[in-house]
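Please model the complete structure; the sequences and the hints are all you need to start from.
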Amino acid sequence: MENLQLPPKPEKSLFKKIRAIFITLLVIAMYVWTFVGIDIDWGRAIERSISNFHRVVPKLFSPDWAAAGDVGLAMLETVFIAFAGSLMAAVLAVPLSFLAAQNMMGGKVVSTIGKWILSAIRAFPDLILAILFVVAVGPNAFAGVLAIAIGSTGMLGKMFSEIIESIDMDVVQAMEANGANKIQILFYGVIPQITPEFLSYAIYRFEVDIRASSILGIVGAGGIGTMIVFASSNRNWNEMGMILLAIIIVVTVIDFASARIRRKIV
Amino acid sequence: MIEFKDVGLVYPNGTEGLKNINVKINEGEFVVIVGLSGAGKSTFIRSINRLVTPTSGSLLVDGEDILNYHSGNLRKLRTKVGMIFQNYNLVKRSNVFKNVLAGRLGHTGTLRSILNLYSKEDKSLAYESLNRVNIAEKLYNRADELSGGQQQRVSIARVLTQKPKYILADEPVASLDPPTSHQVMTYLKKINKEDKITTIVNLHFIDMAMEYADRIIGMRAGEVVFDGPASEVTEKTFEEIYGRSIREDDLRGGADES
Amino acid sequence: MTNENQSLVQKSVPLYPAKTKMQVTIIFFVVLGIYAFSMFWTQKEMVNGFGGALGNMYVVIEKFFPPNLSILPAIWNAMMQTIQMAIIATTVAAILTVPLAVLSAQNITTFKPLYVLTRTFLNLLRTIPDLVLAVIFVGLFGVGVFPGILALTIFSLGILAKLISETIESVDMNPLEAMRASGGNVFQVIWYALVPQVLPQFTSLVLYVFEINIRASVVLGLVGAGGIGLVLNQQLKFYNYPNAMTVILVIFAVVLIIEYISNKIREALI
Chain A
1 MENLQLPPKP EKSLFKKIRA IFITLLVIAM YVWTFVGIDI DWGRAIERSI SNFHRVVPKL
61 FSPDWAAAGD VGLAMLETVF IAFAGSLMAA VLAVPLSFLA AQNMMGGKVV STIGKWILSA
121 IRAFPDLILA ILFVVAVGPN AFAGVLAIAI GSTGMLGKMF SEIIESIDMD VVQAMEANGA
181 NKIQILFYGV IPQITPEFLS YAIYRFEVDI RASSILGIVG AGGIGTMIVF ASSNRNWNEM
241 GMILLAIIIV VTVIDFASAR IRRKIV
Chain B
1 MIEFKDVGLV YPNGTEGLKN INVKINEGEF VVIVGLSGAG KSTFIRSINR LVTPTSGSLL
61 VDGEDILNYH SGNLRKLRTK VGMIFQNYNL VKRSNVFKNV LAGRLGHTGT LRSILNLYSK
121 EDKSLAYESL NRVNIAEKLY NRADELSGGQ QQRVSIARVL TQKPKYILAD EPVASLDPPT
181 SHQVMTYLKK INKEDKITTI VNLHFIDMAM EYADRIIGMR AGEVVFDGPA SEVTEKTFEE
241 IYGRSIREDD LRGGADES
Chain C
1 MTNENQSLVQ KSVPLYPAKT KMQVTIIFFV VLGIYAFSMF WTQKEMVNGF GGALGNMYVV
61 IEKFFPPNLS ILPAIWNAMM QTIQMAIIAT TVAAILTVPL AVLSAQNITT FKPLYVLTRT
121 FLNLLRTIPD LVLAVIFVGL FGVGVFPGIL ALTIFSLGIL AKLISETIES VDMNPLEAMR
181 ASGGNVFQVI WYALVPQVLP QFTSLVLYVF EINIRASVVL GLVGAGGIGL VLNQQLKFYN
241 YPNAMTVILV IFAVVLIIEY ISNKIREALI
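Chains as they are written, first to last, in the UniProt record's numbering: chain A, 1 to 266; chain B, 1 to 258; chain C, 1 to 270.
By construction, these hints were calculated from the structure, which means they are not laboratory data. We put the CB at the ideal spot given by N, CA and C, even for glycine. A hint or two may mislead.
To be verified - Ranges of calculated distance between the beta carbons of each label pair, as one might list FRET restraints:
#, chain 1, residue 1, chain 2, residue 2, range
1, B, K196, A, E162, 50 to 60 Å
2, A, I265, C, L199, 31 to 41 Å
3, A, N178, B, P12, 28 to 38 Å
Right under this line is the structure:
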């Protein structure tokens, strides 16, 4: 038994071997390229951090309560932007998702086009959309609403279409056999199956949008982001501490509430 | 030798898993525990390698009370006691060989096992174990490519690779069809006889218990209600253990097919 | 009895219970009310109202188009820097996330206080927007790539650790029990029974976070944390919209390409 020889491992095909080597080399090359190319001035970073540490960090932990009113108002605006934006997106995403779902519109061509539209929308970061809308409607909160609405439509449309594709088509077939027409099938066979998940994702998207809309102010699209930019350019770290506190509280509360509501729905 | 002395187990939610168990299992025995589901068979078996911990009494394995064992000697105990599960408990995405080598974990240092540095002896032991259950040709297949019976044989090979003194098998055939069930039981019995490994098996099929056991222990509601050699057992005994008459689904059948 | 039944039929049985109907109606109007108020609030600073805004869309197109493609070579380096930042941040986050994800998975970390502590820490981490992290780190380390990488790392760590701990919580626990029963210690159990089950999802989630990081690094540049965002910010400040449009198009293309590649890798994995 001591001298027992293991049978040889089954030979991998040449193609698989070459592919494995190719992938390994590619990954190595990627990291070499990254670490050679990146330019970090460690000396300066360390020097700066030593001289800045006491000017920044302790102040973040002693928030400026005098700014609480302004910060609260800006945070409220952020919530409004997120709410209006995600609701608009939830409505806009519905028709697009039906377009992109393979089991609804029949043709594969239509659903591919729908999917392309959605992923094209998603490729724009929220902030880029905000830049475009600020130029269009001026530097105000409504630019933020539009940016959130369009940005979320891309993501929600994708999620919604996946939900539609996963529904139980037997029900739909049964109704077809009953002699129901397309609209009837939609209302009696499809919508009841997708409503809870749609709502759940829309509410989840609101969570994400709260985070997203809190930074839009940096390009002038309203909300608490405007204050972040002012506080950082004035090096007012006490105020930044207050802003951070407000964001943490609001985001936590909304996450918590949304998780509870979603659990109730599904 | 395994000895239960007044062993009791109360779960945190208050249910009594085991009540006042006194049982002595001798070297080399093939013991089958029978009883309805919920009778405490599984708790009994899992106490021996401390996957559950009894709350009273003492449980001696080779003369030592294992109930006050902690991490270090607990690992040693588990290395000595191999276990086979109803759902095979293989890592589905790993290949058969790696699954079987996992039986050596208790004997191997952490770093060596993580870097896959097994000795040649360990590897040939694993291969030999696979040979003994006639599944060596599946060495490099992924576990999820095998049928249920094949997976259970791999898990027997894993236990063999562990070189245990005792084997515990918790409902090893409950998820298998009759012919495969007999095949698996035959392997267990063969290993018990050839390697003199004390084997304790949970079953709820009466005919299989009578066919393979040296000794049968009957449990009901956490208590041992019967303990005797398989030759003394009749259908009447089972009716007493189960507290009801024997039904079709208490029998596995298919003995002549295998 | 018969009488009551008859009166029920005459009243016509509603499809849904009256209480549910009432609740849904109330919720609907509350949501609509908040929406109307939000719209009013966010539009109150607008000079020309919604109609004027739509008219402006044409102005935008005129301002941004045609993009000035001649600056492409000049922004190439900044775009590459952004990708490099995202690669480093994703790699570091993927390494750091392993212990955090294990500690915040309820089925592995049975010691409850430790689990609660890590969970709370991760939840807190995830509430801080990437921009705020970048602003703080730029304040701390000065303008450059380093604060950007740090911000991305911490930002993606929060997301990744949560997603992976959820994956860990959904694995099949049986193999873990078997490894424990054969005498494996904690590390061996994790390595042999947990890692093979989690690895495909782990890779897939790391790719997903890489996509998020590419997008986020655009944001970071705006506050001085390096990469393509820095260039975008300069162009916007000088109202050089055709140049800004080129930057936007490059970002758009890179995000699409990376999403395509990572989708292909993900399909090959699962």
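Hints, one by one, checked against the model:
{"no.": "1", "hint": "K196/B x E162/A: 50 to 60 Å", "verdict": "holds (58 Å)"}
{"no.": "2", "hint": "I265/A x L199/C: 31 to 41 Å", "verdict": "holds (33 Å)"}
{"no.": "3", "hint": "N178/A x P12/B: 28 to 38 Å", "verdict": "violated (53 Å)"}
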